[in-house]
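Undergrad: Sequence:
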Amino acid sequence: MNCSTTWPCAALPAADLSTRTTMKVGGRVAWLLEPATPEEFREAYLLARERGHQVRVLGGGANLLVCDGELPFTVLCTSRMGRIFRPGTQPEDGADGAPESGSTADPEREPAPLAQLEDLARVAPVPREDDPRLVAWAGASLPGLLRTARELGWSGLEGLVGVPGSAGGAAAMNAGGRWGDFWDVVESVRVLTPEGELRDITRAAAKPSYRDGGLGENIVLGVVLALEVSQRAEVSTVMDTYLREKNALQPVTEASSGCIFKNPDPELSDGRRAGQLIDECGGKELRRGAALVSPRHANFIINSGGAQAADVFTLIEDVRDLVAQKTGLQLATEVRIWP
1 MNCSTTWPCA ALPAADLSTR TTMKVGGRVA WLLEPATPEE FREAYLLARE
51 RGHQVRVLGG GANLLVCDGE LPFTVLCTSR MGRIFRPGTQ PEDGADGAPE
101 SGSTADPERE PAPLAQLEDL ARVAPVPRED DPRLVAWAGA SLPGLLRTAR
151 ELGWSGLEGL VGVPGSAGGA AAMNAGGRWG DFWDVVESVR VLTPEGELRD
201 ITRAAAKPSY RDGGLGENIV LGVVLALEVS QRAEVSTVMD TYLREKNALQ
251 PVTEASSGCI FKNPDPELSD GRRAGQLIDE CGGKELRRGA ALVSPRHANF
301 IINSGGAQAA DVFTLIEDVR DLVAQKTGLQ LATEVRIWP
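Okay, so the sequence shown: first residue is 1 according to my numbering, each after it adds one.
It should be emphasised that the hints constitute simulated quantities derived from the structure, not laboratory data.
Certain hints may be false.
Claimed, not checked - With a cut-off of at most 20 angstroms between alpha-carbon atoms, the simulated EDC-like pairs for lysine to aspartate or glutamate come out as follows:
1. Lys284 to Asp240
2. Lys284 to Asp311
3. Lys284 to Glu254
4. Lys262 to Asp321
5. Lys326 to Asp270
6. Lys246 to Asp200
7. Lys326 to Asp279
8. Lys207 to Glu217
9. Lys262 to Glu280
10. Lys246 to Glu234
11. Lys207 to Asp279
12. Lys24 to Glu334
13. Lys24 to Asp311
14. Lys246 to Asp181
15. Lys207 to Glu187
16. Lys246 to Glu187
17. Lys262 to Glu334
18. Lys262 to Asp181
19. Lys24 to Glu254
20. Lys326 to Glu234
21. Lys24 to Glu70
22. Lys262 to Asp279
23. Lys326 to Glu280
24. Lys262 to Glu187
25. Lys262 to Glu317
26. Lys246 to Glu334
27. Lys207 to Asp181
28. Lys207 to Asp184
29. Lys326 to Asp265
30. Lys207 to Glu334
31. Lys262 to Asp318
32. Lys284 to Asp321
33. Lys284 to Asp318
34. Lys326 to Glu267
35. Lys284 to Glu234
Construct all of the structure, not just a fragment, from the sequences and the given hints.
TA: Set out below in structure tokens:
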């Protein structure tokens, strides 16, 4: 439903968030807004704030648990903002706003129209074959970014194979795993501040860390990724190898939000990761209703069908209590929780 008279973008009233998260749980919000461009996003965000709405931002729905019931906020969803392109080229829908030929970005001037994010990369508008950078709007899927990098023969994203979610969410939380993190290849991000202002933030300024992009309350609108020129066959081989390993060890086809807990300090856990600790403590036997600890990887909770958010939250506490009782370690959650 497109309520254009009410909002400046596609808008869905009384939206069920359980259909928008990878765990398949969650309540209902009065409005779910789906801007198609960064400009629409900013306009909808400012209007929602002007109307006194609490605003939450939803990407691909991974790494997120949403409470049951009626939820007191409006959601801005980036799912329609999925463009991926090279610096100096237009998004595939030919959005307006490209700089004139031969122009370069002036760091002191106002940011260019958000439909074109080349000025984040500070490059001339003609892509070079030796310039392996990609620009992605916040809603671009991680699998889509990996497919693009594979097709171009560019290396750097292989460690994120099999990771769900979007570029915006990956930048916000520094998504990753044993083979690398998203911010390893982020050159800069464009964000919308809580006050509605635009800022460009480099990796040096963000200072990302383990499962934290260092962006605070800023909302990611787009990212510039600095990859490395390689060979398509080599990139494909690495991606396929990593994916086979991940499929063997993780419940990638099940409804889950990804890893529930952060890995503890290795000095405190004798080098054991969260999943290993949970497994050693007998956590794979735990379940609440249709929510259960994955028998394949103990740091995943899966929805076996019909689970409620309350079941998942209770199971998280059961797992945390079990590990604390048997090891004295307090596991911290990696997954975000609304509200």
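Undergrad: Against this structure, judge whether each hint is valid.
TA: Here is what the structure says about each hint:
1. Lys284 to Asp240: Given that 20 angstroms is the threshold and the Cα spacing comes to 28 angstroms, the pair is violated.
2. Lys284 to Asp311: This hinted pair holds, its Cα atoms lying about 16 angstroms apart.
3. Lys284 to Glu254: holds, 15 angstroms
4. Lys262 to Asp321: Holds. Lysine 262 to aspartate 321 sits at ~15 angstroms (cutoff 20 angstroms).
5. Lys326 to Asp270: Holds - the C-alpha atoms of aspartate 270 and lysine 326 are around 14 angstroms apart, at most 20 angstroms.
6. Lys246 to Asp200: Distance ~34 angstroms between lysine 246 and aspartate 200 Cα, so the pair is violated.
7. Lys326 to Asp279: holds, 12 angstroms
8. Lys207 to Glu217: holds, 15 angstroms
9. Lys262 to Glu280: The hint holds at about 16 angstroms.
10. Lys246 to Glu234: holds, 19 angstroms
11. Lys207 to Asp279: Answer violated: lysine 207 to aspartate 279 is near 33 angstroms, above 20 angstroms.
12. Lys24 to Glu334: holds, 18 angstroms
13. Lys24 to Asp311: It holds: about 12 angstroms lies between the C-alpha atoms, which stays within 20 angstroms.
14. Lys246 to Asp181: holds, 15 angstroms
15. Lys207 to Glu187: This hinted pair holds, its Cα atoms lying about 12 angstroms apart.
16. Lys246 to Glu187: violated, 27 angstroms
17. Lys262 to Glu334: holds, 5 angstroms
18. Lys262 to Asp181: holds, 14 angstroms
19. Lys24 to Glu254: Holds - the C-alpha atoms of glutamate 254 and lysine 24 are around 10 angstroms apart, at most 20 angstroms.
20. Lys326 to Glu234: violated, 44 angstroms
21. Lys24 to Glu70: holds, 16 angstroms
22. Lys262 to Asp279: holds, 15 angstroms
23. Lys326 to Glu280: Roughly 9 angstroms between the alpha carbons, so the hint for lysine 326 and glutamate 280 holds.
24. Lys262 to Glu187: violated, 25 angstroms
25. Lys262 to Glu317: holds, 14 angstroms
26. Lys246 to Glu334: Status holds; Cα separation ~19 angstroms.
27. Lys207 to Asp181: Roughly 13 angstroms between the alpha carbons, so the hint for lysine 207 and aspartate 181 holds.
28. Lys207 to Asp184: holds, 11 angstroms
29. Lys326 to Asp265: Roughly 17 angstroms separates the two Cα atoms, so the pair holds.
30. Lys207 to Glu334: holds, 18 angstroms
31. Lys262 to Asp318: Roughly 16 angstroms separates the two Cα atoms, so the pair holds.
32. Lys284 to Asp321: holds, 14 angstroms
33. Lys284 to Asp318: Holds, because 11 angstroms separates the two Cα atoms, which is no more than 20 angstroms.
34. Lys326 to Glu267: OK: lysine 326 and glutamate 267 at ~17 angstroms, within 20 angstroms.
35. Lys284 to Glu234: violated, 37 angstroms
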